[in-house]
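There are 2 protein chains.
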Amino acid sequence: MQFVFSFDYPHEIAPMNLKHLLGGKGANLAEMTSVLELPVPHGFTISTDACRAYIDGGWPDGLTVEVDRALTELEERMGKRLGDPGDPLLVSVRSGAQFSMPGMMDTVLNLGLNDVSVEGLAAQTDDPRFAYDSYRRFIAMYARIVQGIDSMEFDRLLDAAKELAGVDSDGDIPAELLRYLVGAYKELVASETGQPFPQDPKVQIRGAIEAVFGSWNGPRAIAYREREGIDHRLGTAVNVQAMVFGNRDDNSGTGVGFTRDPATGDQGVYGDFLVNAQGEDVVAGVRMTEPLAELENHFPEVFHQLMEIFERLELHYRDMCDVEFTVEQGKLWMLQTRVGKRTGMAALRMAVAMTTDAGIKLSKEEALLRISPDHLDQMLHPQFATTKFEVLTTGLGASPGAAVGKVYFTSEAAVLAHERGEDVILVRKETSPDDVHGMLASNGVLTSRGGLVSHAAVVARGWGKPAVVGADQLIFEGGGVRVGDNLIREGDEISIDGTTGTVTLGRLPLEVAEPPEELDLLLQWADELSAGHMSVRANADSGPDAEVARRFGAKGIGLCRTEHMFLAEDRLPIVRRMILADTPADEEQALEELRVAQRQDFLQILRAMDGLPVTVRLLDPPLHEFLPDIEALLIKESNGTLTKEDEKLLEAAKTWREFNPMLGVRGVRLGVLKPGLYTMQVRALLEAAMELKRAGGDPHVEVMIPLTISKPELAYAHAWVEEALAELGADDGLDVLFGTMIETPRAALLAMEIAEVAEFFSFGTNDLTQLTYGFSRDDVEGKLMPIYLAQGLLPSNPFKVVDEEAVIELVNIAAKRGRSARPDIKLGVCGEHGGDPESIASFVKIGLDYVSCSPYRVPIARLAVAQSLVREG
Amino acid sequence: MQFVFSFDYPHEIAPMNLKHLLGGKGANLAEMTSVLELPVPHGFTISTDACRAYIDGGWPDGLTVEVDRALTELEERMGKRLGDPGDPLLVSVRSGAQFSMPGMMDTVLNLGLNDVSVEGLAAQTDDPRFAYDSYRRFIAMYARIVQGIDSMEFDRLLDAAKELAGVDSDGDIPAELLRYLVGAYKELVASETGQPFPQDPKVQIRGAIEAVFGSWNGPRAIAYREREGIDHRLGTAVNVQAMVFGNRDDNSGTGVGFTRDPATGDQGVYGDFLVNAQGEDVVAGVRMTEPLAELENHFPEVFHQLMEIFERLELHYRDMCDVEFTVEQGKLWMLQTRVGKRTGMAALRMAVAMTTDAGIKLSKEEALLRISPDHLDQMLHPQFATTKFEVLTTGLGASPGAAVGKVYFTSEAAVLAHERGEDVILVRKETSPDDVHGMLASNGVLTSRGGLVSHAAVVARGWGKPAVVGADQLIFEGGGVRVGDNLIREGDEISIDGTTGTVTLGRLPLEVAEPPEELDLLLQWADELSAGHMSVRANADSGPDAEVARRFGAKGIGLCRTEHMFLAEDRLPIVRRMILADTPADEEQALEELRVAQRQDFLQILRAMDGLPVTVRLLDPPLHEFLPDIEALLIKESNGTLTKEDEKLLEAAKTWREFNPMLGVRGVRLGVLKPGLYTMQVRALLEAAMELKRAGGDPHVEVMIPLTISKPELAYAHAWVEEALAELGADDGLDVLFGTMIETPRAALLAMEIAEVAEFFSFGTNDLTQLTYGFSRDDVEGKLMPIYLAQGLLPSNPFKVVDEEAVIELVNIAAKRGRSARPDIKLGVCGEHGGDPESIASFVKIGLDYVSCSPYRVPIARLAVAQSLVREG
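Going line by line, the protein sequences match chains A and B.
For reference, each letter of the first sequence is one residue, going 0 to 872 in numbering that gives the first Met the number 0.
For reference, each letter of the second sequence is one residue, going 0 to 872 in numbering that gives the first Met the number 0.
Simulated from the structure, these hints should not be mistaken for lab results.
Zero decoy hints are in this set.
Just so you know, same-sequence chains aren't split out, so a pair can sit in one copy or run between any two.
In the DSSO-like style, the derived pairs of lysine-lysine whose C-alpha atoms are separated by at most 30 Å in a straight line are:
hint	residue 1	residue 2
1	Lys-815	Lys-844
2	Lys-673	Lys-799
3	Lys-673	Lys-782
4	Lys-428	Lys-647
5	Lys-673	Lys-428
6	Lys-647	Lys-782
7	Lys-635	Lys-647
8	Lys-405	Lys-653
9	Lys-653	Lys-799
10	Lys-428	Lys-635
11	Lys-363	Lys-340
12	Lys-428	Lys-653
13	Lys-844	Lys-825
14	Lys-428	Lys-643
15	Lys-782	Lys-643
16	Lys-673	Lys-653
17	Lys-653	Lys-782
18	Lys-635	Lys-653
Chain A extracted, bound-state conformation (with noise of 0.2 Å):
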């Protein structure tokens, strides 16, 4: 196996498709060298083999040949021996992984000077303090890098040696200072190893090699591969390259540039430069950098170079690129290049200009590909406007967008501060069907308790209203809530992001740009890719809900949960009527005022969707989340101030608790226990849909029954259906689909047998992930997934990304049987993983028909059901 490879091999495919072997910094290197034959100068790569060869079994047999043939043909190319006591090869060794990790690994450079050459280096550039200060950097960095020597010692040295001067800068202390000082980083290498600071270059460069492959398992580099998903197997490529000089003299400089603007996509001329300067300074920011424009001034020629090298660039890669060069001398040397970072707006709008640029031509499928979906959601929702501000605390994101208001802990509270014009943030321990109209009064939400399924975070996200829950360092005192030393009270003003779960003091400016007019045009080219294969539904329980995922795109409603129509303000009172009713008669007074209630809504949400299909799951959630908490009633109770309503209540309470209601009686198994309340719901659905189809629309209702464990519970669903239609005489055409959720593993492993009472399933992933593990979400995501995760105990959050191994497989049995049952079963996911698309590209391989997710999700469901399917093929 050959581990080395000159920048300008003769590889058999290019260079750029090679980065799993060259890394991407060397596999682009690789490009500009022998394809687009640009500047570069020359070097080879080790390539990531060689690091995987390292880690498994320590240096490989064969490579210090190969780096060593690599590093004499070097020599000969630049003309330049290492070492040199006249004119030195000096090298940069640079680590250069598949995946772009920004500031995880290391870097060496100024490799090859020593006590020869340093003077080598002092006569070529006419300048010792600069080849000093070289040298005397290429120690302290060499020992920090590769010999792992704590750099402090290193600064308190170079303080002595300013103090001896009487400088406040590095760059002031006098060549003859510097010389004395190397001397002194020498000794304290000598100390701290027991060895003299290598003098032979090409140890110097084994050393720096093996120290970027040994970076690659660096804490730092592990931890960021944990957050990025990439895999620890893929090891990194090494690059050593000679070094050119941007800070050799005032015809030198450096500098970074992009071919359009990362921000906006706009055409033009983007970056920075500095004259006399090298990479660094640049990034550092230490000194005020110029306008990449401004290069025109200074170094002409060099411009027209750059630009011209920009269109080759654009046309060779087919997409904006950014790159990093340095002048020296008055000549062009490309150092690095790759596709550029972008915003959500700049590869929206690059994508589709692309599309149209007579010599790029990317075809739309490509256009698809080049939008991720962290791009569309950074267009949808609003962001804090700056990144300067301290973090109070953070919870869990549970709810994307980013809001501020002034704080209220009540509800009530809440509700009065919004009718007096404020902006509101409700601040609770958590919320509960009490607060959901504290909720609606409010601009976002923040809470101490509960996951991502937690109350506040799935009326949340159905509202898209920016949520952080689960904030367990948020102490509710005395009136008050206290996080360390900051004391928050009523009416004091935070910002929350629900996005990345930052909370923090004071009202931070918010921005969100309006999605440019290529989104809608983007979203269309998913959906003609998609027809046929998937289409994309929203999670929608209102009609303005149902209105605003029309908007988004969404080909129908996938969830319409008819429990949020039971927590309105108006409706609750009832709700609890019906559950406390002493006689039948009073049940079902109480249950007639709600169908009358819920047939309106269904009406709205029908009218919505007029000509899609609308599927409306019955009541889900067990009765008790329709009361209010026990636990105040039991403290009201032993202090005596129980009202008699109370009394009711706290008997009814008593009744309804369990010990795990996530696995009690809900969904159909409320149903069954009390079939009132489902057959109302029946008629109340299928009642405004006769209204609508007597108006001239064209309703498409699906019934869909929750948690479904067997065939004769479905069965005996089906019949409130029936006997719903034959009441209403509603057999004349009007289109009603029944079917139920697959969402405990019983449901699907007997999929052959519900298929025969169910025309569709919906996935619930949420339930069933939580069914399959053994998670109550709310209870497991805050305390142990981050434990879990960091342990490598999972591979990823199942709640977020579906579980591709046992979750997957259950979807994927549960489809065949119910396929072999009913070929032409509808098949749909409704639940979160509706809107990820790591999730979405599972189940488009399996081959349902469609995903259901929250509205503002929609159009990134529709991306990601395309570029799945584009990524099939």
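Given the structure of chain A, go ahead and fit chain B onto it with the hints provided.
This is chain B only, laid out in the frame that chain A set:
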């Protein structure tokens, strides 16, 4: 298809094996007639095929012709004709299904009587009173059963006749008046049906046959089949048989008999008879019966004939039989025989005796199949010694056996009463760890909340202590408990039956027969048969439990739950100190104390099971189970009565409380979150094993991790064992296996990966069922399950009998995948299904290596394993 078979029809196989076709009664009548050639009144059977055809599509084509032909044949054989005015043939029409359903279905006697033949009967018997009394009974019976007329009307007329005659007894009504009564009965029928009472015997018979068919789907019959798990599709056969009259004169009589004592299994003459009586009189208990042995004095010839028949029946059926017989004018007629019901004791003793009986020569396999799990249950637990009591209320039978004692409502009071020497029944809403010492001091436990895996149920079963849980009619009020109008106060005596869930006031006598010596022999045969297939272990958490288990024949411990060690009165404070620890040092100190204590526990258990494997499950329940009830603390808080200690406990209770504890931080998750806890347990266990080994013992330790969901998680846990072994220098041949419970669907699906780390799997089918169904047993078993079973939404309670569909599929998948990764992986089941015979049969099919159950179930499981293997062939 032939529907009608005379009793001597030449079937190709022995009619006794045709119960599915002829029903139990018909098959045995045919067997007695055609094979044994016993004196059986002639007749024929209408098959279950006819019944099924009738239920599906009404009276089957051709059935009338077949019945008519059979009736003609019957007339010829008996030399009598239906409706004959001289000497009429009378017949009975009786139901007889494949499985006995006593009292559930209909019988009509004396068919063939009409206005003409009644005179013939009077002439033949020279007893007009008898003839008209028979006719009046026939009309009333027919009217009730076939025509659905309320029998109250007939009773009213009968009372009038007695009043007119001035007599008290039906039998004293003179013939003349009976003639008028018959007339009145017929008029009643005519006015109710609009038709005269049918005079044509064939019409009468057709009506009776249809009534029997119809009674198969009567509500009582359906309910019975639900309870007994009998297939609703089987249908019943109908037997039409010539009547004989045991009530003809004093040379006649009727009786029932058993070929051995059904209570003890002893050989001898058992049964009852009555002179001049009909079968009903024996059963109804109107007249005092005589012991069967007395028959010899009345009818010596008949007696010896009967004894000879008994011998032939036993040899033929190779089992104890019961019979019904009638003597008509000195001639013996056999009316029915079947393999008789028996007590557990009798079943066991007869099975063993019949293997050595030279004539019967049962094989060991046959003998094993003769004993049902219920038989063993009867023998192993105390029962109420009477059936004469009034049921106060019923809950879930959570732990079998009966107990009596005085009621105490707190554990403290229970302990004090126990110390005074009283028998105690602890009555609580539900129990918690704080109640363990109170439970220990009680003879039985009764709770008003919770299901079969509630704290009370699990702890009581573990100790073999009777318990009734979830008796939700109990209302706690004013220091007592109310059930309807009854108030139970502290110190009142009650009796509970944890097998049936029955609760009654007062002290019932209890009995438990010492298991007969034959038990050991039989179970030894069972073990011989099971060797090399499946062994039975016990769930035992302490040395004494382990000793009991070993005495019951357990081949090791399949589940030692370490949490019960944490709940002992002297341990709980240490556990709480660990949870509340402010500093790592405090926590370590508490863990250290627990380690010392647990080592002792483990040593006792390993000693009791010396030479046999002991599977120890590391701590499973969530930590809040070791803390006091949070609601009580919250109430104290609101009252301002929290102590310092309470405050800390409240804080901890808040930290560790969970929305769904079943799905929260428990099992290995706890180990990941608090590694010190698990490593402490592993160390304590391995130290105990080393100590036993050093003392010359032979410990076999199996460390079991609960609730695994992924291979890396299990590997993480494995490291604790490796470390502990290394620390203790315990690699000198200590036999330690490492494995996991498979109780999440994910673990089942990923068994291939998990088996790379696990050397054994133990299926936790209780949790696996909860997760597969999305059922919290505590929440659904009391409230929902009865409805689900009654409505047929589930075939059976999946917590009692393992779900053959989904759960067994997961076990099967896991077994296959586990073996594919590790062919010699040991596979077992711990959890209650491991003691359920039906479930054991499923596990035997999959080829698991062992089941583990509570010590008191071990004999039943040993039997069930052998029976399954015999049945599998």
